[in-house]
Amino acid sequence: MDRPFIYLDNAATSFPKPEAVLKAVDHALRVVGGSPGRSGHRLAINADKIIFEARENICRLLGIADSSRLIFTSGATESLNLAIKGILESGDHVVISSMEHSSVTRPLHSLSQKAVEVTKVKCDKKGLLAPDDITKAIKKNTRLIVLTHASNVTGTIQPVCEVGKIARERGITFLVDACQTAGVFPIDLESIPVDMLAASGHKGLLGPQGTGILYIRPGINLSPLKEGGTGRGPSDDKQPEALPDRFEAGTMNTPGIAGLGAAAAFLLEQTVEAVRQKEMLLYKQLLEGLIAIEGVTTYGSSDPGKKVSLLSFNIEGLDPSLVSFRLDEEFDILSRSGLHCAPDAHKTVGTFPEGAVRLSPGFYNIPGDIDKTIAAIHRIAKER
Amino acid sequence: MPVKDSRESLKTMEGTFLVFETTHLTMKAESTLKEADIPVRLFPKPRKIISECGLIMKVLDSDLGTAKSLLKEKGIEIKAELQL
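If you read the protein sequences in the order shown, they are chains A and B.
Numbering-wise, the first sequence is residues 1 to 384 according to my numbering.
Numbering-wise, the second sequence is residues 385 to 468 according to my numbering.
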């Protein structure tokens with residue numbers, strides 16, 4: 001479909017969605033209708049099947065053997081809150097990087113008021129973490145290490161396997177924030193040393209907003225963030241122990257999860273490898289175009305092999321908000337400016353407090369979109 | 385017509401039923417058995433059965449042995465087996 005704009009904000013939420021996602025949401029609302037886990041009639045059972053199939057599809061996509069360990073949430077913020085608040089107790093120490101999103105730093109700030117100690121390990125100017133620095137930060141009471149798989153500011157992919165090995169050797173739980181990688185970068189949780197993985201459903205996973213996931217490896221015990229009805233279970237006051245019910249109290253977002261399940265099926269068919277290849281061609285085209293423009297500074301690793309498809313930049317002497325506004329207003333190009341809910345990351349790369357403009361090509365962009373974007377930025381930079 | 389017979393027989397809430405701990409496991413069991421062409425049907429759980437899942441799964445007696453060994457092979461734990 002021809003659209004009167006170029007959407008380059010897929011790191012915030014992917015747009016458009018595959019047609020199958022729209023159809024699955026419509027079907028869930030129009031035809032299925034029932035509440036999963038409640039009642040025994042056909043519509044409730046059909047809703048159960050939607051949730052089950054979505055869970056299975058996502059598990060196939062992420063290499064998860066036991067699908068009962070995949071929890072549906074309202075988004076990655078809830079997933080990260082559940083993982084962090086579910087495991088840490090007073091007196092515990094947690095190590096994070098300086099590239100983390102507010103959905104990691106804010107829950108931890110709150111816990112730091114309750115005697116949880118937080119160490120932020122500084123990354124280099126390109127946003128890359130040195131695994132040795134994690135080792136140096138570990139203390140006797142370190143309970144958790146949290147690391148973004150790829151920063152939403154720089155797109156730099158972090159050495160999660162190395163950090164995971166460090167954590168595993170010491171019996172420390174390792175949580176990965178995969179918001180910018182799930183669906184666009186191959187992840188096989190059976191083969192990498194990650195204990196918990198949180199992701200949004202509506203970014204690279206191509207599902208609707210209001211969906212998220214948390215994978216919890218067997219042996220990791222969390223306290224639930226919310227407690228309540230799980231449907232048809234025993235009528236006592238105790239939250240069930242069995243997963244996924246333990247962490248899914250309340251009526252589920254069936255239409256959203258239906259869409260997410262269809263999105264996962266779409267990605268399984270396309271393959272994540274092919275999605276990555278396509279996105280990275282667009283990214284390289286964008287990077288090469290922008291670094292050739294006088295006055296433009298780009299941030300993050302210069303090695304496309306260590307990046308996801310997002311590029312933050314600034315034009316010397318111009319406020320990034322103004323650049324983003326002009327791209328929208330004059331050129332119909334949709335970007336995101338500011339601090340991207342990750343002030344520590346901007347401090348790390350030297351763009352705090354102004355922030356930067358972020359462009360994030362996605363599955364549905366084409367090379368012509370990137371050509372037009374480069375030409376627009378060239379014109380804005382020239383007119384300074 | 386054995387297929388029609390089994391479908392007819394599955395309609396009644398009498399016979400052998402399997403109970404699983406969660407709705408997720410019930411769905412997994414149903415999907416696993418259907419993939420293996422073993423006909424099953426879900427029913428609401430009677431009040432006396434305590435489990436987190438509110439559904440029970442009817443399996444024909446002639447398929448019970450195969451169904452149980454397939455579920456065991458797939459690591460799907462049966463919480464209880466009951467006759468109604």
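Hints in this document: simulated from the structure, not taken from any laboratory.
Treat the hints with caution; some may be incorrect.
[Stated by the list, open to error] Derived pair list, reagent style PhoX-like, types lysine-lysine, alpha-carbon separation capped at 20 Å: (1) K49(A) <-> K429(B); (2) K49(A) <-> K418(B); (3) K432(B) <-> K49(A).
[Stated by the list, open to error] The calculated label-pair distances, taken between Cβ atoms and stated as ranges, are: (4) L281(A) <-> L448(B): 50 to 58 Å; (5) G63(A) <-> A420(B): 35 to 43 Å; (6) E169(A) <-> S393(B): 53 to 61 Å; (7) L448(B) <-> K238(A): 52 to 60 Å; (8) C341(A) <-> P428(B): 43 to 51 Å; (9) T396(B) <-> G63(A): 57 to 65 Å; (10) S393(B) <-> D2(A): 51 to 59 Å; (11) T396(B) <-> Q270(A): 28 to 36 Å; (12) L466(B) <-> G63(A): 31 to 39 Å; (13) G459(B) <-> L281(A): 40 to 48 Å; (14) G305(A) <-> L448(B): 51 to 59 Å; (15) K165(A) <-> A420(B): 37 to 45 Å; (16) S393(B) <-> D26(A): 55 to 63 Å.
[Unchecked claim] Covered by chain B, per the in silico footprint, the following chain A stretches (three or more residues, Cβ under 8 Å): (17) 45-51; (18) 206-216.
All C-beta atoms, glycine included, are put in the ideal place defined by N, C-alpha and C.
Mind listing which of the numbered hints don't hold for this structure, in increasing order? Violated hints: 3, 5, 7, 9, 11, 16, 18; rest satisfied.
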